[in-house]
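Engineer: Here are the chains, one letter per residue:
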Amino acid sequence: MIDAIFGNIIWMLLITIGGALISLGVHFVPVGGAPAAMAQATGVGTGTVQLAAGAGLTGLVSAGAMMNLTDNLLLILASGAVGAMIMISVTMIVGTWTYVYAVGCVPASAKVKVDPITKYRQDLYVSQGTEGHGIPTVSFVSGVIGAALGGIGGSLVYYSLIEVGMSVGLQGSGVTNAVTGNTLVGVAAIFAIGIFLVNAVIPSYNIGGTIEGFHDPKFKKWPKAVISSLVATLLCAVVAVIAIAQLGGI
Amino acid sequence: MSAGGSGGEAKGGYPPQTIMGLGIVGGLVGIYLGHFMPPAYSFFGGIGAICATVWGADAVRRVASYGLGTGVPSIGMLALGMGIIASLFGLSIGGLGGPVVAVIVAAIIGGVIGALANKVIGMGIPIMEQAMAEISCAGTLVILGLSVVIAGSFDYAAVIEYVIASGYIALIFIIGGMGILHPFNACLGPDEKQDRTLVLAVEKGAIALIITGFASSLHEGLMTAGINMIIGIAIWLVAFNRYYTYIKRDAYKVVGTGLLPSAEELQ
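Here the protein sequences come in this chain order: A and B.
Each residue of the first sequence is one higher than the one before, starting from 389 at the first, in my numbering.
Each residue of the second sequence is one higher than the one before, starting from 691 at the first, in my numbering.
Please keep in mind that the hints were generated in silico from the structure rather than gathered at the bench.
Built from N, CA and C at the ideal position, the CB exists for glycine as well.
Accuracy of the hints is not assured; some may be wrong.
The list that follows gives simulated cross-link-like pairs (lysine-lysine, DSBU-like), each with its CA atoms no further than 35 Å apart [said to hold, decoys possible]:
1. B/K938 - B/K883
2. B/K809 - A/K606
3. B/K883 - B/K943
4. B/K943 - A/K501
5. A/K606 - A/K501
6. A/K501 - A/K609
7. A/K501 - A/K608
8. A/K609 - A/K507
9. A/K612 - A/K501
10. A/K507 - A/K612
11. B/K883 - A/K608
12. B/K943 - A/K612
13. B/K809 - A/K609
From the structure, some residues in chain A lie toward chain B, with a derived Cβ separation under 10 Å [to be verified]:
14. T434
15. Q438
16. A441
17. G442
18. T484
19. I595
20. L635
If you anchor each label on the Cβ, the simulated ranges turn out as follows [claimed, not checked]:
21. B/Q957 - A/V491: 30 to 38 Å
22. A/T506 - B/E955: 47 to 55 Å
23. B/R939 - A/G395: 58 to 66 Å
24. A/K507 - B/D881: 23 to 31 Å
25. B/R939 - A/T525: 37 to 45 Å
26. B/G879 - A/K606: 22 to 30 Å
27. A/L463 - B/I937: 50 to 58 Å
28. B/Y934 - A/Y508: 48 to 56 Å
29. A/T525 - B/L956: 39 to 47 Å
30. B/I923 - A/I390: 41 to 49 Å
31. A/A490 - B/A805: 39 to 47 Å
Extracted from the complex, chain B is given alone in its bound form (with noise of 0.2 Å):
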């Protein structure tokens, strides 16, 4: 029994290749941005992890329309597992180039282990290599970006002391997981439209930069935390109206069930 998918290549909308310039451009522009500019603009960070989610779901929704043969998430999970590993390596050796290297490193990590999914186990899915590369570059974006949200720098000793040891990066990992796994796994079906899923990726990259914002009152203060928290619900509400706007366009009918009836009523 095969999960999450028709077994087809997915269609329409937005070409790959937008999609990921997007992520790409946006997730480093916004990463770049939130560690050169003072601390209050750290939600350029934030902004730079939608970016990066977007293009992951968008990955997620190509390679998952194949039918994975197990449920969506696991992708999701891996995306971070493999973005985690490629994402500290960067910061570590790279200094300022760090967000690039571990980009650069994600998708060979992401690119050798679609090869061993492919011609290992036998897979057959024709884009699994580069779709898992760009999963891989999603989810270490997604990670650094939200970092820098937290710690106002992607510098390595920051990252490590205000990220990692205080145990953020767990919160990270699922809701940045959650962005890129949700959007196709809740969107999946013959009536899947492409903007109708990656508006929902943006509206749970605004979660996680509301909830990272949250975060970021420890170590930034309560003034950064609040326009982080600001500008992640402002994201959310516009993207969640539009979201509800595709789903009245894509559904049938839209209808209210009205309140639970009485006890005299079902009578």
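Pulled out of the complex, with its shape left as it was, chain A reads as follows (with noise of 0.2 Å):
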């Protein structure tokens, strides 16, 4: 258990980092919760848990699928950057469309007075009553960083968890066509789940459930959520490590 340790404080250090990419990047997502649903707040209508992990849970597929292909860690998490990124645009260009053409309302934010890349005037489209609504485009460009952000952070948990599992003699990738089978594949999709799930929560709870992107002042309490994730992101991957280690005694 010892050795299982100090034998991969690299792989430990590199969930950690990823743990902490994620808390970062959800803060760059525009999350708007139930009141977006109804059009009162700017960003995507549902809670920050499901938009992260939507996109993050993409990226891990897409990570995964690379994996199959090649062993080159930046290969790989540009693919899992690429899938989560690809996921959330797909997001959020949806829900403009129903925001626009459905609602009825113009992608407006009400944090700041000019759209920081557009230039465009946003406090006069802002309806009364509201807190902005739809998604303008520096959310929207936002929200694409933040999920590369998340999408890199899970393969690399996803990718160290493997590389932990093989150390100790556990086949990485799918050698057969099999969809079950493989032990860990199987563990280390859910321990990075468990891992993504844990830091997609935490950044929620610092931007109180909703955020508009990197131009909301909430913003600014980054550091705060990163710091918790990277205590917490610790705590898990030693556990995580252990029990990945373990596995090849039986």
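Both chains are given apart, each in its own frame, so use the hints to dock them into the complex.
Structural biologist: What follows is the structure in structure tokens.
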């Protein structure tokens, strides 16, 4: 057990960094929560965990697919990031269509007077009694950045856990076409999901449920969540590494 | 905007210690019975999971009453995220004492995350540390209990082979989390009553037992799967009727709306 910890310090550090990246990434994602579902706040109308997990888990799948082809860490991280970015972009663009063509409101941010990217006025278009609505350009760009960070973080966690398992002699990627039966992939994936959810919930408590993106004043609170995530993920990483190292013995 | 809860301490009903005792003792006894008895009795694991679900739902009720700032579902997902790591760790090093080790590790992880949420992030919920530790332990016991239903034992190799590698763990993750987060999420509001919320938790736990019972047919055979599902359905029927009784008790009035009016009646 002690050997497992000292032999895998580098992977534990990478898992911890991955957790911190996920935590930072969540701050970029425009989460509107229940108010946004009624077009009364800017962002996508669902909770942080659902959005971050949706994007992050897609990132895990695309990273896992890439791991069948190569063991180049950079390519795997890029694949995870692109998967997560595609997922969140699709969510946001379809959400925008719904807000514009079905709800009938213009995308507008209530937190800034002009959109920092397009330089369009925002405050004139915010309906009375709302905190903005839809997904303006700056929030969209911010969301894509956040998904990239989350995807990189998730893939880093998954890759590290697979490497820990391979160091005790388990098979990392599917040699056969069987869908089930690969114990290491199953354990690493479910641990990565567990660590991902812990790191998606911690920042969501930090931002109080809603955020518009990197232009939101709440974004400045990110160091608190990242520090919390570093500590929490380190704890999870130690526990997960030991559990995976024990797989070698069965 | 704070979603979920009115911003105060949850009141009324059974004291937290009673529910906690039920969750820990019921959960562990169920898991050990399911492990040591012949495969046909693996439903005891499910009954343990139901006890743990009730405990988790009560802990969610107490902490979410303060208003988390984000939706109640987040804390249920957090519970299962911490639980999955703690439970597999416990089984991997604990042997026969695995579930106990898992619960202790879960309490440590939950306590640390609760302390971080209060001290670093500054949520300022007085019971955050304790509640987070409780939720984490409950999530761990739910995962272990439902794993025992599917695998018939909590032996690490068996759980890895029949629950994790087969992918049923994803199913356990969502239905177990649903049992912990849904009861308070569905019942919250000024008229929330503890007994109604907890009966809903029993009902959700029974659904989890039915579904994992179905999944157990792959490894344990149709006979055991049938017993698991019949017991799950029986508990579900009792709990659902009880829940409906409490709804009728707490509602101002329950009326039938009848069928949709026909085209002639609308004119």
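Engineer: For a quick check of understanding: which of the numbered hints are violated here, in increasing order?
Structural biologist: 4, 11, 12, 17, 18, 24, 25
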